[in-house]
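*Asks:* Residue numbers (my numbering), protein chains in the order written: chain A, 1 to 330; chain B, 331 to 677.
Just so you know, these hints were derived from the structure itself, not from any lab. All residues carry an ideal CB built from backbone N, CA and C; glycine is no exception. Hints should not be assumed to be uniformly reliable.
[To be verified] Example chain B residues on the side facing chain A (calculated, C-beta under 8 Å, incomplete):
no., residue
1, I419
2, A560
3, I562
4, V565
5, H568
6, K583
7, Q612
8, L625
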Amino acid sequence: MEQLIEKLVNAFGPSSKEEAVKELIRSEIEQEVDEIREDKFGNLVVHLKGNGEKLLVAAHMDSIGVMVTDIDKNGFLRIGEIGGLRKSFLVGQIILFENGVQGFVYYEDKESNWEVKDQKIEKFFVDIGVYSKAKAKELIQIGSEGVYKPYFYKSDKRIIAPSLDDRVGCAIAIQTIKSLKRKKIRFDTYFVFTVQEEIGVKGSKTSTYEVTPDIGISLDVTDAGDTPETYPVSLNLGEGPTIKVMDGGMISSKFVRDELTKIAKKENIPYQLEVISKGTTDASAMQTTKAGVLSGSISISTRYIHTPGEIADLSDVENGINLLRKFIEK
Amino acid sequence: MENIDFIEKLSNAFGVSGDEREVVEILKEEVKGDVESIKVDAMGNLIAMKGLEKSGFKVMLNAHMDEVGLIVTAIDENGFLLFKKVGGIDDRVLSGKKVIVGENKFKGIIGAKAIHLQKKEEIEKTIESDYLTIDIGAKNKEEAEKFAPLGSLVAFDTKFEKLNDKYYIGKAFDDRLGCSIVASLLKYDFNFPIIALFSTQEEIGLRGAVTGAYQYTPDISITVEGTISADIPEVKEHLKCSKISQGPVITVKDKSVITDHKLREKLISIAKKENIPYQFKQVIAGGTDSSKIQLTKGGVRILTVAVPVRYIHSPVSLFFQDDYENTLKLLFKFLNSLKEENYGTTN
């Protein structure tokens, strides 16, 4: 499991540049599925044929990142945000670009030369270690996308990496596809690995339109509330995957919520009910597509989301896979 | 410049979001001889199409007809009009401006206390739009109600002018320049069906584009805009967004979309081949109809290309002739180059 997550985390994939993640996922599951294709928006759509209602399970491939907006006369790069970048975590990070170029993020320190005071994105720049604009332009263009340089660490049970959001969801989807007992599938099941979630749940919107499922479930991460003096959220690492009741973008379908809860209880899978007021997932886009979709979400409570050091618990991931598998199987 | 009379007509037309009818009529007259079908939909969008018998991918060219303005929300006992803004306008540009009010086209002025009577702290502070009124020279409330009933839309009273050799000033270049470019492109035949969407209510939430793109969903959409150029003193290089005279502005990312990488690379290769100057939008700001069109049904591949315009969303904006012409030329050459390739998929 952790090897798969490590591979996923190491794949480059900010919003709209998900190709590497897509190829990795494709190679992992190609042998296991009836049909795998890329739709016109760039989503990877996997079909596991079954009788019964149509189920769509989505995990997003893209991560937050930065985009180069300017290259100055000395080769310093100015950047803009891709997705909900938390700017206070940016200075001091190494940014990795698609072609392997790396740079260090610093800021205009004229007014506060030791600590960052003004967190506006336009005050930051990336130093890629070149000495001229011309040299920089050989390596980087305006529009080039970058991510926090990936790393992966596993303690006993927990993992630390950037972009666990949502490579953890991708890993759950992949492992579920691999472990499902095909004869027992009770839905006509689609797994969609979506693009451009971080910039407005876009891939989910178009793929749900194309697939038109009856039931939709997103696999994502959600904020944990188990750190010192933290913003109050009743979710803890290691206490099971979460079954979403509400987030900033939707209230889950009662049917999906109850069904997941029932299965978790029956199968003795630990779970936590998730009620949060900020952020959302691909499921919010599913819910209001066409005539509507019964939508819910299984999430992994994660600390420090959208920072370079997202932390989750592997037992939650394993239990998430079990819960999803049992939901899909008869 | 060949198009300048047409741009002048478009710029001078009244078309605050919600009532774009004057612009519709001007565009209809201009394009009717060049297209096979033309209609106005329930949202007021003007949709013109040609080459419908051709097979393969469909291309939507789109520009919005509406401009920012004001709407009358109340009339006080002395006949002064209270208003709200329609679309994004800086409060600081309102005071002292001439306006055109409502269907009766009454002239008016947005008034404030003369500087002589202002206290020091009043002078130093921007007067918020809620504390400004429009004076249309009405004797009393009854007369004002007759001239400009509640809900009357208000546009800046600005006449199109040549400022200098190649510089022009006027209102609503965002996005009448786009309208003019799309209308010009309709004069040519391409190898694929063209849907021209002249949309309404862009400035108040990209509303017209939603229904327009739902009815006639293309494979590729090109949004043609007049966009922010902040190449004025005191703005740092990397925050100028775009620069006058540097050519068409190509969006990689704005607040609402990342444009299609493959199409954009093709567009840039055409610019290079044809020696057309171009620049990128260098601040991630603003959003356009392309974000709504992109997410229509199963998804649409999008591009956004714009003429750089200084002082947009104010009573007077400025553009440079070569930028307009180069934007038109780039789009023409680009459309001409779209041929056999498969544009049904993203990758």
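*Asks:* It remains to establish, for every hint, whether it holds in the given structure.
*Replies:* Each hint tested on the structure:
no., hint, result
1, I419, "violated (23 Å)"
2, A560, "violated (12 Å)"
3, I562, "violated (16 Å)"
4, V565, "violated (11 Å)"
5, H568, "holds (4 Å)"
6, K583, "holds (5 Å)"
7, Q612, "holds (5 Å)"
8, L625, "holds (5 Å)"
In the structure shown, a violation is registered for the earlier hints numbered 1, 2, 3, 4, in ascending order.
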